[in-house]
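Protein chains: 2
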Amino acid sequence: MRDLEEVVERARIIVRPTRLEERRLKRVVEMAISAAKEGISGIVGAVDVSLEGSAAKNTWIRGRAEADIFIHFDPRVSREELERLIVEIGSNLIEELGGEPVIMYADHPYVEGVVDGVTVDIVACYRVEPPNWISATDRTPYHTRYVLGRLKPGQEDEVRLLKGFMRACGVYGAEIKVEGFSGYLAELLTIYYDSFINAIREISGWKPPITIDLEGYYESREKILEAFPESPLIVVDPVDRSRNVAAAVSFTRLSELILAAKLFLKKPSTRFFKPSDRAPSTGELRALLKDRSILYVYFRLEDRRPRDVLWGELKRSEQGIRRCLENMGFTVYRSISWTDERKECMLIFELDRTELPRYYLHKGPPVYLKNADEFVEKWREAIAGPWIEGERLYVLRRREEVSVHKLLAERIVSGQVSISRGLMGAIQRARININAKSLLKLASKSNDLKRFLLDFLAAKPPFLKK
Amino acid sequence: MRDLEEVVERARIIVRPTRLEERRLKRVVEMAISAAKEGISGIVGAVDVSLEGSAAKNTWIRGRAEADIFIHFDPRVSREELERLIVEIGSNLIEELGGEPVIMYADHPYVEGVVDGVTVDIVACYRVEPPNWISATDRTPYHTRYVLGRLKPGQEDEVRLLKGFMRACGVYGAEIKVEGFSGYLAELLTIYYDSFINAIREISGWKPPITIDLEGYYESREKILEAFPESPLIVVDPVDRSRNVAAAVSFTRLSELILAAKLFLKKPSTRFFKPSDRAPSTGELRALLKDRSILYVYFRLEDRRPRDVLWGELKRSEQGIRRCLENMGFTVYRSISWTDERKECMLIFELDRTELPRYYLHKGPPVYLKNADEFVEKWREAIAGPWIEGERLYVLRRREEVSVHKLLAERIVSGQVSISRGLMGAIQRARININAKSLLKLASKSNDLKRFLLDFLAAKPPFLKK
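Those protein sequences? They're chains U and C, same order as listed. Mapping of the first sequence onto numbering that gives the first Met the number 0: position 362 corresponds to residue 361, and the numbering continues sequentially without gaps. Mapping of the second sequence onto numbering that gives the first Met the number 0: position 397 corresponds to residue 396, and the numbering continues sequentially without gaps.
Please note that a few of the clues may not be correct.
Intra- or inter-copy, both count: the list cannot distinguish identical chains.
[Unchecked claim] Straight-line alpha carbon distances no greater than 30 Å define the calculated DSS-like cross-link-like pairs of lysine-lysine that follow: (1) K176 - K362; (2) K265 - K314; (3) K377 - K261; (4) K289 - K405; (5) K25 - K405; (6) K436 - K266; (7) K444 - K369; (8) K222 - K273; (9) K342 - K261.
No wet-lab data here; the hints were simulated from the structure.
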């Protein structure tokens, strides 16, 4: 118990921003807000500017300084017009602040830039009253307002502890790449459970499905489960009763958080707050690869696309290939996608083996059916059979090709694998292989790819790493 | 049609005994009967002597001359006494006829010897009235009487055609080794369907379950199916309404006969009456073995036992090993037993492969269960994992041994495989291997083993062989 509190005290220092970071963020925010206000003056339909996100709520954690500047638009502005305007306003703004604007896409485009070490996002939303949402970002100002109104003084650090814990455990981030917990979700959980320690205690006892309804919008747990079937974690949005704030959280990420909470309480340690990003040596990777059946699909993109779009395409293609491998008769133990989010991508699969049996059983009709003699005629020259077992005919058939990478390549090229349309061309030209040496050679060029391979081969969530 | 009749005419010559065989059998039978009558005179309880079986009914086929001499006992003679007496009487009789007596076992012991090229069996039965059967052979004299009473003049050759067809197709014989059609069953089918051609026509249209009730003992097909559930072929014994004459016929043998009948009608040929017993060359076997995953278990018996007992033990052990292989994760395409019926035995299995994957998935508990942390502690040092997928923990485990023959040998030695007690010792000392060379070396010593291997590897019923 002492132990736990001591560890949490030390963890505060890890998650709290430094004075320097705080001052820097404050300065960037002030510059950005005043520049934005000036930037929209004279633009019809752009009605206001606000700071949102963790900077507005003072809940950002060390190393994650972000300024989310929202430009509010009149609902009479069309979607198209809004998209055109935010790209224009945002690009000018980032340039004016001395950054290099990059156009990003979520529900609609926004503009990102790094200013004095701080990530600045210029985002559009409609000024509407709940529940008349037009775009996905319209709720954000209400989220900020709700959290500011409910967080007690000093509770910001409790939020930071929970976010820092989630980050180090690999479950922080609602983007498709992570499928984890958003900052807003961490804030709501802190509000609901009051303190970090209490939140971790409650989480360690979670047995999905979990339902949390801060504003008591629903009569009962049953009604919540009815409204959000199949979600393992449901946190009703205090700003929109029809929305699950945890909709992006995958069952796997949820389970990882539960286990991390259990293990943390059992043996508290600041390890649970320190993200590890050690790049392994080639020798270490080689040792991990020994005797494993690892299939990889490596390809390069020819054109860029929004990060979330790319991750979605990768994950869908990974699933498509996984199903194809299983249909061919392989067992897929695990699979994962990787990309540097610019050019390089890799899908990677761990299998039971890399070859199918040379011969396989082919089932024919029962002997009493009309087509039994046709079957016999067709397979008369088989190496083994046709023979009869029970009421049925069988024959042993030979496979010309048995190697998984060649079989998969054939199917991909002939269009038999369900792959995202946007990646089809790149994957049809992909390097598909099971050779450990060439995989290590690929990885030797990139620390990020090495880290990813280590994570995949060791297959331990961050909090279980040595 | 002409074609069919012509082929059947030519087949008659193949199945009919030669004059020489006929004369020889007749002479042996006369000698045996008169010697038997003399042999039982003065033995209290032995009341009569008769000729039974195909010789009595004139339905035996060329190359299968057999004299079944039955000694009838008074029902007051005990089982033990009867067994003692038949061994004594039979042995003396065979010796007197100039043969070498061998004691055989079916339901109870009998004595076999070869006299002038004819197999003579001296068998005991009780003289009882139906349905007061004491032993399994008591029905035989009634079977003989029934067939003699129902066969029309000249129909003996129809029986011979059917028996010869069944023999060449590998389905003739009710013993455990074959699990096929007895001579009596062939006779009943001929009586029921009148001629060979008609029988084959009917059989070619059979769709199991088949019910035949010559004496109309049952009201309906449904009643027959109720009385003999799970039998694919039911021929009610005209001599005993509670007995299925086809009880020994396996589904596989039945299906083989159906298919043979279909193919024969489609393309009549005397091939369907000529048993093939060509021994293959080692080169032919080597070519068939290429790339196949063949596991064999070869052993020598230390003591003799009745043929049917041995075959039963072999087949049960084959099934036990098959289940063990499947439990270990192999797919068994086919398996078969072989023995020279004296010393050598072999069980042989065709598998999808000869090795298990080096790594396998080990499923842990869901993270929300109490024992989740124990699982994590236990497997912390695993090469891969513990990881979480969905709600559950997993880990990748390494197998020290992956070769099927070594894995099987371990399990057999440690008594984990369901093997017939009578073969346990011999199989625990068996040669278990997957090596084609050593298998070919073993086979090179015995034409019978070579034939068996050819049959197993080519896996075609006799009527589909080239």
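Hints, one by one, checked against the model:
1. For the homomeric pair K176 and K362, the shortest alpha-carbon distance between copies (25 Å) is at most 30 Å, but the shortest distance inside one copy (43 Å) is not.
2. Neither within a single protomer nor between protomers do K265 and K314 lie at most 30 Å apart by alpha-carbon distance, with minima of 34 Å and 56 Å respectively.
3. Taking the shortest alpha-carbon separations for K377 and K261, only the inter-copy value of 16 Å comes in at or below 30 Å, while the best intra-copy value is 62 Å.
4. For the identical chains of this complex, K289 and K405 are neighbours both inside a copy (21 Å) and across copies (22 Å), given an alpha-carbon limit of 30 Å.
5. Taking identical chains as interchangeable, the C-alpha atoms of K25 and K405 are never at most 30 Å apart, the minima being 56 Å within one chain and 70 Å between chains.
6. For the homomeric pair K436 and K266, neither the shortest alpha-carbon distance inside one copy (39 Å) nor that between copies (59 Å) is at most 30 Å.
7. For the identical chains of this complex, K444 and K369 are neighbours neither inside a copy (62 Å) nor across copies (43 Å), given an alpha-carbon limit of 30 Å.
8. In the homo-oligomer, the alpha carbons of K222 and K273 never lie at most 30 Å apart, since the shortest distance is 39 Å inside one protomer and 77 Å across protomers.
9. Taking the closest pair of Cα atoms, K342 and K261 never come within 30 Å of each other, the shortest separation being 39 Å inside a single copy and 64 Å across copies.
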